[in-house]
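Trainee: So the protein sequences, as listed, match chains V and U.
Counted the way our numbering counts, the first sequence spans residues 1 to 713.
Counted the way our numbering counts, the second sequence spans residues 1 to 713.
The list cannot tell twin chains apart, which means a pair is met if one copy fits it or any two copies do.
Below, a list of computed lysine to aspartate or glutamate pairs in the DMTMM-like style, where the Cα atoms sit at most 20 angstroms apart:
#1 Lys-280 with Glu-321
#2 Lys-428 with Glu-396
#3 Lys-633 with Glu-657
#4 Lys-13 with Asp-207
#5 Lys-618 with Glu-590
#6 Lys-91 with Glu-64
#7 Lys-704 with Glu-678
#8 Lys-704 with Asp-672
#9 Lys-618 with Glu-678
Calculated directly from the structure, the hints in this document are not laboratory data.
These numbers were taken from a predicted model, which means no experiment stands behind them.
2 protein chains.
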Amino acid sequence: MNIDTLSTFFNPKSVAIVGASNTKGKVGFDIVNNLKKFNYQGNIYPINPKENMIQEIKSYKSLEECPSLIELVFIAIPAKHVINIIDQMGKLQIRFVVIISAGFKEVGHEGILLENQLLISLRSNNVRAIGPNCLGLLDTHTPLNGSFASRMPLKGNLGFISQSGALITGILDWSLNEGLGFSKFISVGNKVDIDEVDLISALAKDDQTKAILAYLESIERGRKFIEFASSITRKKPIIVIKSGISKAGARAASSHTGSMSGTNTAYEIAFKKSGVIQAKNVQELFDMAVAISSQPLPQSSKICIITNAGGPGIIATDAAEFAGLELSNLDHDTIRALQQKLPMAASTLNPIDVLGTGSADDYFTSLDLVLNDSNVSMVLIIVTPQGMTQPLKTAEAIVSSKLKYPDKPIVSVFMGGVDLRDATQFLKSHKLPCFTFPERGINALSGLWRYSLIKNRPVLTDYMQFDDIRKDLVSGLFKSLYQKNRMTLLGSEAIFVAQAYNIPCPSTRTAFTVNEAIKIAIEIGYPVAMKVSSPEIIHKTDFGGIFLNVQTEEDLSLKFKTLIEDARGYFPNIGLLGVDIQQMSPKGREIIIGISEDPQFGHLIMVGTGGIYANYHKDVQFGLIPLNQSEAKDMLLQTRIYQIMKGVRGEEADDIEKTIEILLRISNLVTDFPEILELDINPLFVFKKDVSALDVKITLSREKLSERYSNEI
Amino acid sequence: MNIDTLSTFFNPKSVAIVGASNTKGKVGFDIVNNLKKFNYQGNIYPINPKENMIQEIKSYKSLEECPSLIELVFIAIPAKHVINIIDQMGKLQIRFVVIISAGFKEVGHEGILLENQLLISLRSNNVRAIGPNCLGLLDTHTPLNGSFASRMPLKGNLGFISQSGALITGILDWSLNEGLGFSKFISVGNKVDIDEVDLISALAKDDQTKAILAYLESIERGRKFIEFASSITRKKPIIVIKSGISKAGARAASSHTGSMSGTNTAYEIAFKKSGVIQAKNVQELFDMAVAISSQPLPQSSKICIITNAGGPGIIATDAAEFAGLELSNLDHDTIRALQQKLPMAASTLNPIDVLGTGSADDYFTSLDLVLNDSNVSMVLIIVTPQGMTQPLKTAEAIVSSKLKYPDKPIVSVFMGGVDLRDATQFLKSHKLPCFTFPERGINALSGLWRYSLIKNRPVLTDYMQFDDIRKDLVSGLFKSLYQKNRMTLLGSEAIFVAQAYNIPCPSTRTAFTVNEAIKIAIEIGYPVAMKVSSPEIIHKTDFGGIFLNVQTEEDLSLKFKTLIEDARGYFPNIGLLGVDIQQMSPKGREIIIGISEDPQFGHLIMVGTGGIYANYHKDVQFGLIPLNQSEAKDMLLQTRIYQIMKGVRGEEADDIEKTIEILLRISNLVTDFPEILELDINPLFVFKKDVSALDVKITLSREKLSERYSNEI
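Only chain V is shown next, with the shape it has when bound in the complex (with noise of 0.2 angstroms):
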């Protein structure tokens, strides 16, 4: 058996549950009743050494003792004696497991190291375990219960992965009332094996499962899931909610899994870059999710509404402009026949008003029209209950032009409550979402065409590769830095690793005497920039550390020995100590590139508006390293300076191909050295031909330094 196909865990042919219970209120009574209760149809043992039969079936006092081969363990008993279970599981060569038991590193500092010596034995002795802490798994397919949730879902095509165990019951017990369906639910609890990115490979791969939903607080393999992730979207959506994206958010995810959030930038960014669709909240999460593992996808962002009330129409059209959709066109023989058809009153172009006295044939009538109008790509129906409206008739309508035309999604919003129950429960029973609002009926369709894209988009493999780079002389650099134990580069060094990445800069050295400076500003030529340099000194413009335009030795001399006593004066215990001396460059439009470190993506790059209010502007965009020509492309295209940039009035754009080069190269040089913890460029002068990177800053990751270059010396 492969270990890595997990499809144990949803079918298994028999289960075992160690500390199943004959007492109501525990954990280890309620997975019991409800793999009973809930037609399990495999063989169960239950695992006790104090009882003889746990609610009617056979009991054992051990795993050992099982009469036959157990495919799935559950685990609810205290914390301290898990890891006694998976050594009898490694003995009898039982692969799979879920831990229900709390008490781990949720609990603090003694539960991380009981989770650590878990994990150990969950690896030593091959076995493969969801949670600990969690609430178990469904599989309404099978059918499993395996869990402490009080009830079972309705079957379905919605898959849906929880790091939160009450969530699901909250959710399970709505869904219940809303009439939907699931293929699974999963708590993954502190995944100190599972985790979501194994367990969305999983549905990925699962027949049953036609949408993949995740309720995430973090991710700690973050290339991992964008690698699988990027893939799977290709094939089937992933919808997720990602909390603890405010501050305070992040403080109590952060209490709650014991794990380290990231930023939400990078989450947002991982999400757009792997296809993953990020919902707003559960409702938009289910809105979407039901019309994607119901409906065909739209061909275009093109919808047609049709309505028997202006208002309501009115709203639509408000939502879907929102949310990126068009109102089509109707064709002129679309709309003549429309005319014939409707009532004078109605109003034929879209959204089409059926008005107040609306008939179900009317609805009918319509429908077979747009849907038969290539310029409409999906339809939004909304009935309110009037007069003469009738609303289970026009429900039947609406399934019927569905069986007449299936590429093209439609649908409902059947606006009210009592009046209109019939007819939206006939809409679900056929598979058509039905909704009470008209923007949840947006959300839905608009979750369609954001799918539609996500599916059809092109594989991106327009990475760039440099041949006139110098990795040698960045390496050589750093291993001399690691050897001096210094993690800030001085300006003149970071330039030179820009250099060598062949980005454009100004030629520049750093001083360390008057004498020097002298001899560099003879080499470089007069008039020079001066710059007070130190890996002790980051804002060197917040005490005046820089002198334009120098032009003469005498000037230089004399201002050299202005920038270091300044810089004393501020800083007396300040050790290396220099100053820039840098070639004068004419004045570009100002931009800044970035680079952080994110714990779970890596590395993040931003670029937009730069020079000294940078900060004030907030016009930057963010991506991932690596990044593509079409990525780099796109996020500079989505700053306010790019529309600067690109010419106005009829001035000459600025060099942009070289910009998104500029980007690529950065990419590239954190891609070769990942020791790069954050880097600057502010500004990069952008000019109508060429760019020149006038201030570069660069630190570096001693852990990641000391990786790479401990064995080498």
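Fit chain U to the supplied structure of chain V, relying on the hints for placement.
Mentor: Coordinates of chain U only, in the frame set by chain V:
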């Protein structure tokens, strides 16, 4: 009887129904039927010339024949006969009518004419009318169902005004399912006489209405709306949905109601200015309304969350932060007491997690402690259905806590369906808001907090009056322009207007000949700026129509000719053409100030990042004229450029006071001269001390100019 008091509409002693019918499916049938069915207690007089009995009530041939006084008439006959009925009402001194009949301005040209005649008839007969083209009105307290809606809402304290009748039928039907109560539903229809402003004022005086809700597509009397709503919202909340806010939605709205929609910006600012809460959608509207109409207002934005599930607690924490609420730091005593009374593993920091095992007692204990903590102003309770959850008992505990602490708002989220139904019903029956998802609970609390800020906001009267302005100079100029029939000011004229309102500008005069130019330059003093000047040239920079820093007479003469020749080259048929000679100014921070006119709400004023890239920076904030000091300051504070203006990294701040003063001077100018259609100052240079309006553009409204000056000439 004072016909401005609209209360008779809601509580008439007797009603007549013109067009009453025995035929099912006719509106005249439904109205009589609804009056009877829903227990209207006054006299009902069906009017139908062909019948003697309508639905078992004695019927009359005409209003005249009715035996006693009629207070309110419903009309449901074809449009063309309506005016006839109004004339009869006039003779009989009946003052109030609800015109259900359609066929007025919504059907186009003929309908518009008919509606105009209707208005004249209403005025001359001293009759106040709701409609035409409306659903009617419903009052649950009278009770009165004077509509063709097929159901009656539950009794409650929400008053709902709707510009869409069908939305009422949808919401009414939905509300029965939700257990939501209303005082009144009013369908405004085409608003020939009574509009949302009248009805909001009427509901403000209505004791049975605690919150005024409205669905609006357009507001015609924008200024009146602001005036009335501003005072009402200090006593009663007004919550609205404004539809037609997208570009496509505005089109749909305008075809629907035949009225011209204002821009979204103007509405948003008008709502903000008058303390009206704008809901994003129908669900949010009611979530906030339910809380506001049943809960006390919080003293601060500090919230405590109590949950039995981590995940939903984090979701609520995220939502709270995004809604601008703040998680309370609990008092040490509270935390200690929680630690003593809750299980050890429970989280006693906010959000408080009573764990999956949390009992009703645990909730009660926690609630009691946090409601007693002065750091907590409102509480969100989250309950998910877990094994040991006691939903109904927990609901009872919440009700008890509420009785003990009536002054702090409590909102519950019972996240589920089947298992939590009884508990949810119990809470609702005790007027305690209860929702399915955390985000909705937070919406409700955020509505309470928003309304508490609105209710307690100071009355702002800090309108600045300036005694250094020269109205006479401006009115003289405008009068002469009216005589010349020229609506666009030359640059020098616009600067003359600004200077008349004591806005600092560089000296600027227009030369039409070289000799004039030389003379002006000598008077102003070299160096000067030269700008081509003509009412027909809007974007002079587009063809290089500017020279800066002109130093000598010779250069001036040469450049004068170039400018004139270039302009004639671009615009061969140009009329008035000269060159503005302007004193050179040092460069300052570039700000833009603009004025435009909104058809509903009057003049909008704008401030933000200026310069030639102003359109690309998209950093502007809007306000409505007249502006007071606080509003002007608020506007500027919300721009990004303000963050730079106030000084970064130790820089001295720009002259912010003066910038605000300029906004107020412009506000006064436009208030004094509403004939100003558009005005642009770009750039306004802002220095460390003082400002200078370098370029001013003004366009006048021919219509308003004529209103003002035609009599004087």
